[in-house]
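K.L.:
Given next are the chains, with one letter for each unit.
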Amino acid sequence: MRLAYFPGCKITFFLKEYGRAVEAVMAALGVTLVELPFNCCGNPSRGKNFEVSIFSAIKNLALARKYGLDIMTPCKCCFGQLKHGVYWYETRKDLRVKIDRLLAQEGLFYSSSHESDRQPSSIKHLLSFLYHDIGIDTLEDKITRPLESDKTVLQQGCHALRPFCVTGFDNPFAPQIFKALVNITGLDVIDWSKETECCGSPVAHDHGDLALKILNNKAQTANREGAVYICTACTHCQLQYQGEEAGHILSKNGLLAVSYPFVLGEALGIPLEKLRLG
Amino acid sequence: MGKTIETQVLVIGGGATGTGIARDLALRGVKVALIDKSDLNAGASGANHGLLHSGARYVSSDAEAAMECRSEGLLLKQIAPHCIEETGGLFVAVPGDDEAYIADFPRMCEASGIPCRPLDLKDAMGMEPCLSQDLIAAFEVSDAAIDPFKLSIENLNDALGRGGEYYDHSCLEEFILEHDKIAGARVLNTKTRETFLIKADIYVSATGAWAGRVASCAGVNIPMVYSKGSLLVTGQRMATRVINRLRQASDGDILVPGGVVSIIGTTSVRTDSLDKIFPSVDEVDLIINQGKQMIPALGNRRYIRAYCGVRPLVSAGGDGDRSLSRGFSLLDHAGDGVDNFITITSGKLTTYRLMAEKTSDMVCEKLGISSACMTRDLALPQTAGGKWTEPGVSLRQGAFSHKKEDHTLCECEMVPASAIDSIVSSIRKNSGKPDLLSIALRSRLGKGPCQGSSCSVRVLSHLYDRGEMTGTEGVDGLRRFLNERWKGEHALLWGTSLAQSSLKEMIHCGLFSLELESGE
Amino acid sequence: MTFFILLSIVLFFLGAGLVYRFQDIARKSRFFEKDQDTWAKKIFDLNIKGFFLNTLFQIKLFKAGKLRWLAHFLVILGFVYLLIVHAMDGVTSGFFSWYQPGIAPFRFLRNLAGLGVGLGCVLFLLRRLPRFRTNRERVKRKKGDRFRGTASILLILALIVSGFLLEASRIISEPRFDEMVEEYSGLDEDSGQMDLEAFWVKNYHLVLKEDLSSKSIDYENAASLNQEYCLDCHDRPDEAFISTPLALGAKPFGNWLARFRVDNVFYWLHYVIGLLLLAFLPFSRMFHLIAIPVASTRKRIRPQSLKKNMGLLDLFSLTACTNCGFCSEVCNVYPNFQVTGNGEILPHLKIETVKTMAKKGLWDARTVARLRSGNDDCTRCGRCADICPSGIDLIRLWESADHLMTSLGCPDNYTQVLGTSFEQWTRQDLFPKDFGNSSLTSGLADQVAAFENCVQCTICTNSCPVVAHDLNQNDLGPHQVMNLLRLGEKHMATGSRMVWHCLTCYSCQELCPQGIRVTDILLELRTQGQKTAGQIKLSQLTNQGSDK
Amino acid sequence: MTDLNSIDCDLLVIGAGFAGMVAAARASHLGLRTVLAGNSGSLIFVSGLMDYLGVYPMDAKGVLDDPAQGLACLQSENSTHPYGGISHEQIIQCFEFVKWILGKEGLAYHLSPGRNLPVLTAMGTFKPSFMVPRTMEKGSLLFGEKKRLLLIDIKGLQGFSARQAAGGLAKTLDEVICLTVEIPGITKTIPPIILAELFEDPGVQESFVRQVLPFSNRVDIAGMPAVCGVHDSLGIQQKIEKMTGLDLFEIPGIPPSIPGLRLKNAFEKRLAALGVKFLSNTRIKDPVFNGGKFIFTGVTDSGKLSISAKGAVLGIGRFFSKGLNAGRDKIMETLFQLDVRQPVTRSLWHGTNFLTRQGHKINQAGIETDQRFRPLKKGGQPVFPGLYAVGSILAHNDWMRLKSGSGVSLVSACTAVDDFYQGVTKAKI
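Protein chains in written order, with this note's numbering: chain A, 1 to 278; chain B, 279 to 798; chain C, 799 to 1346; chain D, 1347 to 1775.
Calculated from the structure, these hints are not laboratory results. Just so you know, not all the hints are guaranteed correct.
Said to hold, decoys possible - Sample of chain C residues at the chain B side, in silico, Cβ under 7 Å:
id, residue
1, 1242
2, 1246
3, 1250
4, 1251
5, 1254
6, 1284
7, 1285
8, 1286
For clarity, every value in this text was computed on a predicted model and none was experimentally measured. Where is the CB? At the ideal position from N, CA and C, for every residue including glycine.
With the rest of the complex left out, here is chain A (with noise of 0.2 Å):
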């Protein structure tokens, strides 16, 4: 199987990490990450310049598209703008032909009417194609060294939940998807309160007093809880968990902030300086 990889603007810099788990991942199970000329999804723009922010997720789209390659991504910021891009690409005519003609200039299209015998190419994130292209069985099969069943909580990451007129992505208010797939990796997933509550990342630049209180209600919700991990599938959640104040908080509570791409690929038995270093 081959995808279009897009692993957003948080890996190339912040995230190696995540990033080199995720290729990890993807190898062990026969997936072919395929990296093309991607430009940042969009998503910072969206406050800044709505233009700006549609016609960056649409031209990746229409790159994607050129190639004949599904787009995955493990950042949920990254999946929820692309989605958006589609939405506001097809709902306002006079920015469809704006972004149209800026396509063209590169040789590029997007519009699905345009004639080509390529499909727009579709939208995954790394956990929707885990759960509905890989198959949640077929993952299970193949996990090889189950973890702990250590309490874990997830943190769902908003820009894929909601709104799920735009994202479709899993139900916005009890979600499943993710729940399924870290539980077969051996951890023990509970209830909490927080799951589908923002991270704070957005702010952590500019209100980051905000962002440290949204964390530590979060941080204690969870240790009320009796959790050990809070995961996270989303490379802003990861990042927003993992600063160093952050990290503080977290282990004062006792708990740890993991990705799922580490997690499963522990689980799948990749060896841990792979997950690590590459």
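Given chain A, work out where chains B, C and D should sit, using these hints.
P.N.:
For chains B, C and D alone, kept in the frame of chain A given last:
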């Protein structure tokens, strides 16, 4: 028999004219008391467009009234700028409107001395994008919007500051007549059920449509015709300027901006009743169907509220109600055998000051006081208690910069707790008892799209917390308030407004079960 | 002697130039890293591996573009050889007694090196032709820069060409031969000079004025003379595979060339060009030869130390930029540039502006505001830093530029909004001109239908994590923002904290019973607020400028 | 949606309000492959009280103590009401089912068959209800032995004043004390859901207890606004009861309603566990009935999906939830364009008195069904065999006046799903 109050002049009716007279007399040093059977602007003063006419509307039907409007309008912009938004106005015609009238319009305006500028149709539509694409004529005039509640509150506050007195919910029971004179007025406080006597030298009835009834208490007959007019409030402000239909006055032909909303009206329906009047479904539909010819968006816009008033017209024969003079009637009842009784009725909001001046002149003449009217020159002061009627007033003060401790109680109109507190204290100062209705009168409470669904509850609990209410006063007042709001709602409930009112009914009937113990 | 004086002058120029360049950075810039502590630390904090990989093998350039790397590699390799072995032959032969420029394999090597440098330069030039430029390189650059680059290349090329011409002209030059004979053999007419001449004509392509064909030549004597006096230093020139063919081609004009001592002309030309190159090195494009090694030895910033370590601008890195444009080709936010046309988004242009800012502060309100906006668009993905052939730690640079602008009074829009009073925010004259008018900005907040159905049920506010966790600082709930829109106060709404703190978690939108796109509206309001914030910032910067 | 271009299921429940949630729960409980589409946010508006029948007839003096009595009366004179053909026992079974389902997610309810409970509201009025959250259950003790009451309000929580709730109680109780509790760090207005979430913090609970404790000897029971935690409210309440030694009950107020939110959470969790596919905010359009199956188009922002189902339950609510849409002249059902029973003209929709006991005629408007809750055509035949309408959209039920909203919703939902299930299993045999 309760207490007796002595004063020089008793003014009955707390509308624009009544409060205007109170101020005018107080300025001349006359001791004046004002009573109203409910509260300020309960009649036509509170149920109109809030339009400060340029006069252009009357150029054809009543040139004299047109000129009065022009000069009074200019004057009010000088003395009460805080009550007025100088919007400017347009007169527009659409296909089917009387072309002869259109052709004649500029000449008629000129005859009355009213500035009127013909507009290119494209320019008109550029100035007001909501206008129909099919306009056939457009003129610019100097209409403006005026806040009648603020106007009355400020007039009253100034009168009170100069020794005047005000008794709300004080209903005239009877006049005590002695030898061609009124010796006293017996008054019932409808809230406390107490009766008291007011003795004055002169009695002025400024009761608008109720002038006939009040006069009859003095044994005087004033033949009156009642014409109900209904208006609709849109959810948003639709236009910058006042927009008039360029035709003989008719239904649904004026759109006036009122702060953050717009008001479209009116209708003219002959009525006999004064007390239980509501805008009817037919009137609402009529206004919308007429209004959308001029402004198509009126056809699918959300309306928050309808209200109606009764035009007090002194009958002088004639065909339709609109052809009756809307110039005012100042009646000295000496000729009817009551020496110290004056009635002022009819007229327009725009000319309220002039009416007050003429009435006060007559009062002073009767009292033998020779002081001149000062309202022409002395600006109407702006007071803290009067500022909360203006839509969006809390916005101007910084919607998101206001003090942390200040809670917003009414979300739609963003009325903060501090506003409620200041209104409550001004009511208390006047020895009144605050309830939702009296607060709503003095603020924007309940005037937004939710029409009092949750702001009422929030304000009540705030009042309880402040110790302003005890026992079941709150829930009783809530019932009155909701029913009062309902008057203006039930005729325009469809679409989102119906959804909103269902929410209100769900809360207040579905959960609070207010209907179960209501004392209907 | 003349040569020695010239060389001394040039070397002095070079030294002074380098000192000036580095001093210039330190003196002119108010923002130079002066902190002693960090200096001391930095000396031990070197990136030796980076230095070798990037300076000698140009490993990053290799990754960025093979052809470019080839050109650079050829030039560098050849030049280093020529510089060490050829230009400084006095020194070289002092160390290695067996070294002689005229014997194998050095003649061959010199020609090879020259060819390499020449080829490299040709590649450079070709790449500059419009038809070979890639799309993104059409992005405008600073005018002077392109000229300086081309001038440097041409100068090097001229050096190489003059070198070849010099060698070729010397091969055939009789006067030169005579000088050498006089200096090294002391032969005269009688003692076989003619034999030697003939021998050289035959074997070394020497061109003589007089025709020796009629004379009898003792070739055996000639060979032994050659053996005795010449062969130590002069092999047959054929292995100079470029100069020799050149010389052969010039043979018919040999006498003419000899008469005018064109070989000497080339000699001086070659030296003068070489000296010029040296003298102007600090001021030409070639300065990157020095700056890149300096930049490459800096320790790269790591994600963990990003926020803490944001000292001042690293100006050595700034000077190492050759404006090659690779960074912009991989730039993650290139689409931002495509849509907005703000060149300050692209790293290779941004770095120029940062350079200017480092010297002049907030010298031009408009440019600085654009730089601020462009730098804020950057996601710090690090792709530019990864590819930068000069090894500049660009992430550190962008972060410190951010820091610098903030400290100089040009904050990001968020800080700008929170620092702007309500009164100032709602001043009419600061509204951006296209506010709500352009068809592309007329979004949800401009359409009554998008928020008219709001019944103020407050579910959005109740579900909002910002309201929940920032209760005491937050100003409006989302429902109040919707209400502001109904009241026609869109502009006011764009300045609320709610709009700027929205986490975009979409809880409100998912829950809204009336189907209002609450989050989308909040985001849209923020994009509009950005314009106002930018406008206010610009006017403040302009005022600041006029105050000075 | 990559995985959701088409869905095949047994039953599509349209509308994720209370009735829709119950229908989906019942269907999945019976083993039907169920898909639920709609907006569940509107559940935050329900009070969390589950009424059966509180008033009958509408103009009766007083309220019903025993709903069964009212039901008997209703059935004897008004067969068009949704309860028309359903026995008291069936109704109780439906209530018990909902109680059981919610109990599975830890949301405990209380009902005493044959008795309505008067529930104190934030306005100080009493509302007759039938099945109430356990956290509110003890409020009914005010009519028994508990005569000394502490009423607690919370600083920053708008729309709830202890003094107001106490307004009418002074007459019947021995002592009513009002107390305002402050939550540390809260200086501004606090939205109720956010307050309820704060209550999950042990620190907040302790501070609450500290402020209440001084009164614990003076009173028998304490009432507080319904903000006692979103998750595990009963657990938190019991913890506070233990710490204060006081009986505690919650008092419902204006929306957003925490008991409603608890319902929403419990249903969503339960339905997800039962395998119900929830298409949040997906608009269902263009129903086609063909060969015994419905094909619907689900419209999301990212495109369309096709849903084929053997049956459909319409629980799309009334005007607030846009199940019914009123134009200026007419009320329409928004999905199937079913006939809507309604007054002839708009002037008859509403009376001039808002708080009339007779109710407004528009509240009687809605979809008419047979006794199995299948919408009817003009001739009295079901529109489609597998189509049901449930909940507040049903005609002849002014639930706000009759205090019968949730009862009619859950009874119609359960009855309709049971009927559909029988049809499906019969077909299989």
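K.L.:
For each hint, tell me whether it holds in the structure or not.
P.N.:
Hint by hint, here is what the structure shows:
no.: 1; hint: 1242; verdict: violated, 15 Å
no.: 2; hint: 1246; verdict: holds, 6 Å
no.: 3; hint: 1250; verdict: holds, 5 Å
no.: 4; hint: 1251; verdict: holds, 5 Å
no.: 5; hint: 1254; verdict: holds, 5 Å
no.: 6; hint: 1284; verdict: holds, 6 Å
no.: 7; hint: 1285; verdict: holds, 4 Å
no.: 8; hint: 1286; verdict: holds, 6 Å
Going through the hint list in order, the structure does not satisfy hint 1, though it satisfies all others.
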